[in-house]
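Number of protein chains: 2
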Amino acid sequence: MIVFYGPYSSKLGEKMAKQLNAKSMGIEHKIFPDGESYIRVPINVKGENVLLIQSTYPNQDKRIIELLLMIDALKDLGAEKVKVIVPYMAYARQDARFREGEAISIRTILKLIEAAGADEFFTVDIHKEFSLDILKIKAKNIMAVNAIAEFLRNMDLKSPFILSPDRGGLERARILGEKLGLEFGYFEKTRDRISGAITMRGEKIEFNGRDVVIVDDVISTGGTIATACRIAKEGRAGKVIAICTHALLINNAVEKMRLAGVDDIIATDTVEGEFSKITVAHLLAREVQ
Amino acid sequence: MIVFYGPYSSKLGEKMAKQLNAKSMGIEHKIFPDGESYIRVPINVKGENVLLIQSTYPNQDKRIIELLLMIDALKDLGAEKVKVIVPYMAYARQDARFREGEAISIRTILKLIEAAGADEFFTVDIHKEFSLDILKIKAKNIMAVNAIAEFLRNMDLKSPFILSPDRGGLERARILGEKLGLEFGYFEKTRDRISGAITMRGEKIEFNGRDVVIVDDVISTGGTIATACRIAKEGRAGKVIAICTHALLINNAVEKMRLAGVDDIIATDTVEGEFSKITVAHLLAREVQ
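Here the protein sequences come in this chain order: C and E.
10 is the number of the first residue of the first sequence in the working numbering; add one for each residue after it.
10 is the number of the first residue of the second sequence in the working numbering; add one for each residue after it.
In isolation and in its complexed conformation, chain C is listed as follows:
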């Protein structure tokens, strides 16, 4: 098996290859002056089983086009089987028709990955697991919660409380809380589907100086975390840790969270960056063999 990785998944690719005891290699890529991507598979893949890792952030559309070009090229060059890993799957939040006439974007993108020639598909903490039902090929969503729990277990925290910033994430907080034997709970968040404006109503939680771990699947603009942090601090939280699977950190997200009082930001390496201190390499390696 050969592990190939795209432009923004080189570290995760290398780690996975080590776990799998496989050869690893970056796909050759560049961007032409007009903005088009160029993709080249650097070695002969005829008859090979290959693993292709490409995250789809930053610059989702470019990453998706590159991914589709890479899959098609690998198959066209004679790869026997192409197992595709998209550690962070973009467009996953548009998973239904919230208003009549909308594109259900995640369904389109997944169908295209299959149409390009993927033989199997793996992703991590996709927004809604049911989105994968559109695929006819083998598909699996891998939960990062085990890796996150392991990391938290080794942190020096004071009687930490696991907090989900919305009801949808309660299940994640519950699993994490139960794994670590910690209390958990959630805030109530409402998002206006058209304007995107968020309102949040905190339950009256008194933290009495206990540390609070806010856990979410994605941190994008940081607004949700910042609001949750403020409410937690009003409830006399000690340290507030924001932990997530996918750290997109758009614009001034980090500054926004810091200003709200977030003491530490921790993420997995599904999106590689400054805060990706937790690896999901072993969780992925176990599943793709």
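Take the hints with a grain of salt, since some may be wrong.
Since copy identity is lost for identical chains, a pair holds within one copy or between any two.
When the alpha-carbon atoms are kept at most 30 angstroms apart in a straight line, the in silico BS3-like pairs for lysine-lysine are as follows [as the list claims (entries may be wrong)]: (1) Lys-120 - Lys-147; (2) Lys-55 - Lys-120; (3) Lys-137 - Lys-39; (4) Lys-55 - Lys-20; (5) Lys-167 - Lys-145; (6) Lys-137 - Lys-84; (7) Lys-39 - Lys-265; (8) Lys-137 - Lys-55; (9) Lys-145 - Lys-55; (10) Lys-145 - Lys-84; (11) Lys-84 - Lys-242; (12) Lys-55 - Lys-90; (13) Lys-55 - Lys-265; (14) Lys-265 - Lys-145; (15) Lys-137 - Lys-120.
It is worth saying that the hints were derived from the structure and are not from the lab.
Starting from the structure of chain C, add chain E where the hints point.
Using the frame of chain C, we list chain E on its own:
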């Protein structure tokens, strides 16, 4: 029939709808803060035959993803037939494997347009027409040369000479020259496939003050046109007009051509912009009925 158009083809879409005496409408679109596109079909399309126009410049990858989302959404919403028009088809220059292992990008993109659900496909002056052979659906490349000839016929030029800046474009110059009863010729251009560097060797043409019309399919960085213009001016050309189908005009392309002595830049509306003075609406309307 309903004519729908994407974000950068509104003027061409409206013109085509007028030619076809059909209702026209923009597809609703926006970009979320994280950079993802949102697509919504604003009216009921159940059982309808629709025409979808979306050019793929500027920002090729975003335009292609939007196009794929639009096609899939239209089909999913019950459109009977979706005829897709991509006036400028991006990625068309990567039409072969110039080096072992390369993605043949245009083939992948066209396959995906078909996989998304397009029933017919139309484009204008695609880099190489044979690229369309990958499609199983009806596909047609429409030449803009008729519209360009019509425009040139009405320009006040002094015994103009039609010049292709490379051998590959000679056929275009020949057709144009013959249509207008004008002399034509070409310069010899070599492009290094890896570095992209261009060298050009002009035939010793003495223009004696005659105007020169440099014709090309795409003007991207303007480098080719600028070089050809310099050689033409050394051969004592009068006015130099640069005319093309697709004006991408990357970075300082316009300035570069002006500095080289180009007196006028003219393009069709396959890419809508300042220089798109020639419409291909009637040529397209005739084909898609």
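Alpha-carbon proximity between Lys-137 and Lys-55, which holds within one copy, between copies, both or neither at 30 angstroms: For Lys-137 and Lys-55, only the inter-copy Cα distance (28 angstroms) is at most 30 angstroms; the intra-copy one is 35 angstroms.
Same-copy or cross-copy closeness of Lys-137 to Lys-120 [CA-CA at most 30 angstroms]: both (16 angstroms within a copy, 28 angstroms between copies)
Lys-145 and Lys-55: within-copy, between-copy, both or neither at 30 angstroms Cα: Both, since 24 angstroms and 26 angstroms are each at most 30 angstroms.
Homo-oligomer pair classification [Lys-20, Lys-55; C-alpha up to 30 angstroms]: within (25 angstroms within a copy, 47 angstroms between copies)
Copy assignment of Lys-265 with Lys-145, given that the CA separation must stay at most 30 angstroms: For Lys-265 and Lys-145, the Cα distance exceeds 30 angstroms both inside one copy (41 angstroms) and across copies (51 angstroms).
Up to 30 angstroms CA-CA - Lys-147 versus Lys-120, copy category: Both. Shortest intra-copy (13 angstroms) and inter-copy (22 angstroms) distances satisfy the 30 angstroms Cα cut-off.
Intra- versus inter-subunit Cα pairing at 30 angstroms for Lys-39 with Lys-265: between (33 angstroms within a copy, 24 angstroms between copies)
Alpha-carbon proximity context of Lys-137 and Lys-84, limit 30 angstroms: This pair counts as both: shortest intra-copy Cα distance 29 angstroms, inter-copy 23 angstroms.
Within, between, both or neither, where Lys-145 and Lys-84 count as close if Cα-Cα is 30 angstroms or less: Classified as both; 18 angstroms inside a copy, 19 angstroms across copies.
Lys-167 and Lys-145: within-copy, between-copy, both or neither at 30 angstroms Cα: neither (47 angstroms within a copy, 64 angstroms between copies)
Intra/inter-copy verdict for Lys-55 and Lys-90 if alpha-carbon distance must be at most 30 angstroms: within (10 angstroms within a copy, 38 angstroms between copies)
Intra- versus inter-copy proximity for Lys-265 and Lys-55 (alpha-carbon distance at most 30 angstroms): neither (49 angstroms within a copy, 45 angstroms between copies)
Against the hints set out earlier in the document, violations occur for numbers 5, 11, 13, 14.
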